[in-house]
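Residues per chain are reported as follows:
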Amino acid sequence: MPVNYPNGVTSMGIPLVPGVPLTTGKYLFVLSTIGSDTNSGRDKDHPLATIQAAINKCTANKNDVIVLMPGHAETVTATNINLNVAGVQVVGVGIGLLRPTFTYGAAAATITVSAANCSWSNCNHIANFLSVAAAFTIGAAKDFQLNGCDFTDTSATLDFLSVVVTGATNNAADGLTVTNCNYWSLPTTANAFISILGNLDRLYVAGNYVDKLATNDAGQFITIAALVIKRAQILRNYLNVVGSAGAAVGVFMTGSSTTNTGILAHNYCVSLDTTGGLLLTATLNLGLFNNGMSGAIAASATMPWPAADSPA
Amino acid sequence: MPTNFPNGIASYGVPVLPGDNPITTGSVFFVCNRTGANGSDGNSGKTPSEPFATVDYAIGQCTPSAGDVIYVLPGHAETVTATSIALDVAGVRIIGLGSGRSRPTFTYGAAAATITVSAAGCRWSNCHFIANFLNVAAAFTIGAAKDFQLDSSSFIDTSSTLNFLSIVVTGATANAADGLSVIGNYVLGLAATDGAFISILGNTDRFLAADNFVDKAATNDAGHFLTQAALVMKGARVYRNTLNVVGSTGAAVGVFATGSSTTNTGVFAYNLTTSLDTTSALFITAALNYAVHENYMSGVVAASGTLFPAADNPA
Chain A
1 MPVNYPNGVT SMGIPLVPGV PLTTGKYLFV LSTIGSDTNS GRDKDHPLAT IQAAINKCTA
61 NKNDVIVLMP GHAETVTATN INLNVAGVQV VGVGIGLLRP TFTYGAAAAT ITVSAANCSW
121 SNCNHIANFL SVAAAFTIGA AKDFQLNGCD FTDTSATLDF LSVVVTGATN NAADGLTVTN
181 CNYWSLPTTA NAFISILGNL DRLYVAGNYV DKLATNDAGQ FITIAALVIK RAQILRNYLN
241 VVGSAGAAVG VFMTGSSTTN TGILAHNYCV SLDTTGGLLL TATLNLGLFN NGMSGAIAAS
301 ATMPWPAADS PA
Chain B
1 MPTNFPNGIA SYGVPVLPGD NPITTGSVFF VCNRTGANGS DGNSGKTPSE PFATVDYAIG
61 QCTPSAGDVI YVLPGHAETV TATSIALDVA GVRIIGLGSG RSRPTFTYGA AAATITVSAA
121 GCRWSNCHFI ANFLNVAAAF TIGAAKDFQL DSSSFIDTSS TLNFLSIVVT GATANAADGL
181 SVIGNYVLGL AATDGAFISI LGNTDRFLAA DNFVDKAATN DAGHFLTQAA LVMKGARVYR
241 NTLNVVGSTG AAVGVFATGS STTNTGVFAY NLTTSLDTTS ALFITAALNY AVHENYMSGV
301 VAASGTLFPA ADNPA
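Line order of the protein sequences matches chains A and B.
For the first sequence, my numbering gives the first residue as 1, with consecutive numbering after it.
For the second sequence, my numbering gives the first residue as 1, with consecutive numbering after it.
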């Protein structure tokens, strides 16, 4: 057996736990099957039972890391998980369905993020109630990062409407980052994967796969309504949506502001839309590079879409 | 001299190992049967100096769903039979150490030789697999094993008659292999007739194949990368793979992928295919219902690939 240091080993004052983000703060371990919220949570043999207990033990702006162990499972309600300590990194351990799993059992069930510079990675999120409004609700929480997570509907009536929804306060969610997530959506009517409800700078959305059975066409990936996003980067995402044949609005993205800035590049979209064929609302003012769209499932996407101009 | 901890260090109960290794909150085992490595299944397997001799024995020491990791040391070599290795403990990750041919090597010496995977959430990474018998049916056979990941490994035929037919074959039970991921592997196939790199025999959701390079001497054209027969795959993602196959000039079926289900969902994107097929030139069976973005195909090795299938006009 290895020599165990239950209070940890530090090198140059930095705790040693390989394979998870470096922190100069502390590590906390969570596992529902054997854990207790009266444990210290400071080593993997004495884990906490709930993530909220771990969040409550974190110190703001110390970059504390919460390690969710394989097999951890929680039911999410409207109020039981609030990532409200700045700088906390939540890291799931494991592969596939052995990753930590969060099941949403009410329409208002959501994980709230209300502190800056937090991250959440490598977990499963399962909708188990009709029209769960948002898996994550981002409040006053700049620079939140959601990475490598799966979002799965149990059925067409046990479903997420959106995965990430921001609050309405302008610039409260600046720096929102959503990368490498998968979303399998089953209802015939759903909202956007990401719904922006307040002006937002530095949105970064990359490498996500979204597969939806929705038969409406409007903004299935991102909606920004009349809000303004500045310096947005929306890169290398895939959207498969059943859609409808005659949508008159952007299938991938909709909004009405004409003063956005940023780029939309290498995104691909398929829907049944063969009439208007709008990837995004035409006047959003974003730079468009090599995006593709198809209205017929067996045909390759037309590149680039919308059509290129001649800059000469 | 550095302070040595011959049995290792655990910090907060987590084993501390340098390098780009995944975190585990479970146990760590080592395997090596290289001459002089002291490998024995009677060892503790807890340190590189007291490794187990076989991977299967190490698997048997793991705890289900604890995220245990088995490191297989450079120079380790095993012969695979039909029954010698069963990855049957959930959540176990097997990681080979080393690069190129110094990686752990597994040689298949019978047509039925295969590594079976029958537990969920497992991974096999960075090893070298050699076919040394005629028509080895499958390097890996995936049973009731959701979310298995095979990555960063190489699969080499010894000759055109000492060859793999397929690398990954699933079982027939629907959804038993959901979440199968095959990433970053290299395949060199030398047989004139073989099967698909990946053969799906049961309905499978959340399939992922990305960044694999498959080079085959086969002169048939049918589904050399993926076959799924009449099975249904939902949410499949097939990205950035390269298939070079000799093929034939007049194939009437998909060179890259074949199947007959019309209710699949998913995306095939950035895949590159070359074969001699210059007649009907089907990249994948047309009715598979996958979204297809920026896949390229060529019938002449010296020519650039053409966007395949042709783009529609969504407006």
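Honestly, the hints are just simulated from the structure, not real lab data.
Accuracy of the hints is not assured; some may be wrong.
Stated by the list, open to error - Under 10 Å between C-beta atoms, here's a sample of chain A residues computed to sit facing chain B:
id, residue
1, Y5
2, N7
3, V249
4, A307
5, S310
Said to hold, decoys possible - Using C-beta positions, here's what the derived DEER-type ranges look like:
id, chain 1, residue 1, chain 2, residue 2, range
6, B, T63, A, S40, 46 to 52 Å
7, B, S44, A, T75, 24 to 30 Å
8, A, I263, B, T306, 52 to 58 Å
9, B, D215, A, S310, 36 to 42 Å
10, A, I263, B, T158, 54 to 60 Å
11, B, A303, A, A73, 17 to 23 Å
The beta carbon of each residue, even a glycine, is placed where N, CA and C say it ideally should be.
Quick rundown of the hints versus the structure:
| no. | hint | in the structure |
| --- | --- | --- |
| 1 | Y5 | 6 Å, holds |
| 2 | N7 | 8 Å, holds |
| 3 | V249 | 14 Å, violated |
| 4 | A307 | 9 Å, holds |
| 5 | S310 | 19 Å, violated |
| 6 | B:T63 - A:S40: 46 to 52 Å | 23 Å, violated |
| 7 | B:S44 - A:T75: 24 to 30 Å | 40 Å, violated |
| 8 | A:I263 - B:T306: 52 to 58 Å | 28 Å, violated |
| 9 | B:D215 - A:S310: 36 to 42 Å | 40 Å, holds |
| 10 | A:I263 - B:T158: 54 to 60 Å | 49 Å, violated |
| 11 | B:A303 - A:A73: 17 to 23 Å | 53 Å, violated |
Checked against the numbered hints given earlier, this structure breaks hints 3, 5, 6, 7, 8, 10, 11; the rest are met.
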